[in-house]
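Asker: Sequence:
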Amino acid sequence: MKQKIKNLILKAALNAHEKGDLPSSKFPDVEVEAPKIEAHGDFSTNIAMVMASVQKMQPKRIAEAIIKNIDNQEGIIAKTEIAGPGFINFFINSVSWHPVLRRIHEEDDRYGASGIGKGMKIQVEFVSSNPTGPLHVGHGRGAAFGDAAANILLFCGYNVEKEYYINDSGRQINTLGRSVLFRYRQLLGKDIEFPDDCYQGDYIRDLARQIKEDKGSALLDQREDETVLYCAQFAAKQIIAGIRDDLKSFGVEFDNWFSEQSLYDSGKVDKVLNDFRKQNIIYEKDGAHWFKTKEFGDEKDRVVIRNNGQTTYFASDIAYHKDKFDRGFERVIDIWGADHHGYIPRIKASIEAAGYSKERFDVILVQLVNLLRGGEPVAMSTRAGEFITLADVISEVGSDAAKFIFLTRHHESPLDFDLELAKKKTNENPVFYVQYVHARISSIIRKGRERGIENTGWDEKAIAMLKEPEEINLIKSLGSYPETVRLSAEFMEPHRITFYLMNLASSFHAYYNKHRVLTDDPLLTCARLYLVVAVKKVIRNGLTLLGVSAPEKM
RNA sequence: GCGCCUGUAGCUCAGAUGGAUAGAGCAACGGACUUCUAAUCCGUAGGUCGCAGGUUCGAAUCCUGCCAGGCGUACCA
684 MKQKIKNLIL KAALNAHEKG DLPSSKFPDV EVEAPKIEAH GDFSTNIAMV
734 MASVQKMQPK RIAEAIIKNI DNQEGIIAKT EIAGPGFINF FINSVSWHPV
784 LRRIHEEDDR YGASGIGKGM KIQVEFVSSN PTGPLHVGHG RGAAFGDAAA
834 NILLFCGYNV EKEYYINDSG RQINTLGRSV LFRYRQLLGK DIEFPDDCYQ
884 GDYIRDLARQ IKEDKGSALL DQREDETVLY CAQFAAKQII AGIRDDLKSF
934 GVEFDNWFSE QSLYDSGKVD KVLNDFRKQN IIYEKDGAHW FKTKEFGDEK
984 DRVVIRNNGQ TTYFASDIAY HKDKFDRGFE RVIDIWGADH HGYIPRIKAS
1034 IEAAGYSKER FDVILVQLVN LLRGGEPVAM STRAGEFITL ADVISEVGSD
1084 AAKFIFLTRH HESPLDFDLE LAKKKTNENP VFYVQYVHAR ISSIIRKGRE
1134 RGIENTGWDE KAIAMLKEPE EINLIKSLGS YPETVRLSAE FMEPHRITFY
1184 LMNLASSFHA YYNKHRVLTD DPLLTCARLY LVVAVKKVIR NGLTLLGVSA
1234 PEKM
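In our numbering, the protein residues as written are 684 to 1237.
These are computed hints drawn from the structure, not numbers from a lab.
We put the beta carbon where it would ideally sit given N, CA and C, even for glycine.
You may find that some hints are simply not true.
Simulated restraints on C-beta separations [claimed, not checked]: (1) Y966 <-> K1107: 56 to 62 Å; (2) S949 <-> L693: 50 to 56 Å; (3) Y966 <-> S1096: 39 to 45 Å; (4) D1009 <-> K751: 57 to 63 Å.
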């Protein structure tokens, strides 16, 4: 509809110029928007104001010239007016909204989809939590965000791959192995102190117990470096399996799990470091090897090989990001916790140095989550091993509520997650508010069937009966869904869909309370059923993008 | 110190490439269930958009400075 108005305006401007009403043929991009205030019409354009200086005319004169030349043969426009400093407001004939409903029924679960991505191969990497402990709430936000963003991109015609990067190499893995080994020794009666720098959580004890059941006391007699390695590999494998399970129960699945260790095994880390040496952008100082990231805009150079000969995490990350582009992704998006923001310049440096444009790479920072219970902060200490895991949250509030709440904020805004609030089944908790619409409409359909009323198709005569303000309002809202999805993809902002759904839900509940769908008039009932089924489809489509279920009953 | 993010109603937050009178929910107050699910709806009230300048027809939005909070600033990941 907006596009139609745009075209009408453009054509009107051209006509006006041909007839001599407008001196210049230079027209700016036509901007059409839906005004916030109802009295300002359904659509509004500022074109007359924008053109004023080029046309050397008063905005109001320009507006008059355009309105005069609008071709309203289809009768879409009920009224136009010039308002304020020169806005042209368009009031749409309410009947003209109706075809939106047919489109929704026809396109069904593809309504809102588009081809703006043009099949571009794009990778979204998210969560990528270290396999040294279970996922916590912050990872949950990253998971909900990344998954929704990927769904939206896919829906908009991108060729999306979701990837999880497993840091199964390096120091933290060694620490994991040591942690488990110490607990294992304690289990076998050794009186030893558990080191401070090891992971404290109870899950380490559980892993040690499993090894004990497996191997008995056999590990006590072996060389320490071998047992640490064994414990590390065993533990990491178990923890990754746990992470996969948690994500699965959260409704998030990945297309690819990428191992950091594999970059070493395949020699990709060595290779990229050698390439950089040849380019003379790696040098030695104080026994360490430094990558000249400063030359690429970082604030200082960064170590890639420590003076003890071990590579840093950054070294494998260089190889990893190069590999992403080598695999043919045209765009690469990393979703990180906001506390890693200082890491961005060096990754961009490495991408440039590897010969790819950093413009093709984006990092989206997701702000931290404050966990609350009844308004009070929940103490979270990783050190002491006291934290609420994502699995805890899912089992307490459910994945639908958790996901939806994670997606009710812009990703750059910190989020207070209140466990008590997330469980409340009231308007304070928006997920139920939206899901309730789906359940209510399902119920209407069931009730209709009981009375022998089936959802019939498009019937011009019936649809023409939809003229209550609440009905037109609902249809308008339905009509703006595709644009919401498009903007959501363009700006990587899934929360736009969340807010859209809450708004649509509000329009529906208001309608539901004021009007009955199943009436004594068969034609009207048919029309209203057609309308609410369209609402149901859009609610379902939106929730699906967010990874949230749309229940038939609540 | 430097860098990134945030600052909008009592609380939690939206606010499109700069648009007209800044919007929701919660909390407060007053109403609506013999009728399709009251997990709902309707109404009232609530604001110096952190502060100060600047850019222009027009700023919550862009620019500069300041204030407050969070995060980062490793040969950790």
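Asker: Does each hint fit the structure? Answer for all of them.
Answerer: Each hint tested on the structure:
no., hint, result
1, Y966 <-> K1107: 56 to 62 Å, "59 Å, holds"
2, S949 <-> L693: 50 to 56 Å, "55 Å, holds"
3, Y966 <-> S1096: 39 to 45 Å, "41 Å, holds"
4, D1009 <-> K751: 57 to 63 Å, "59 Å, holds"
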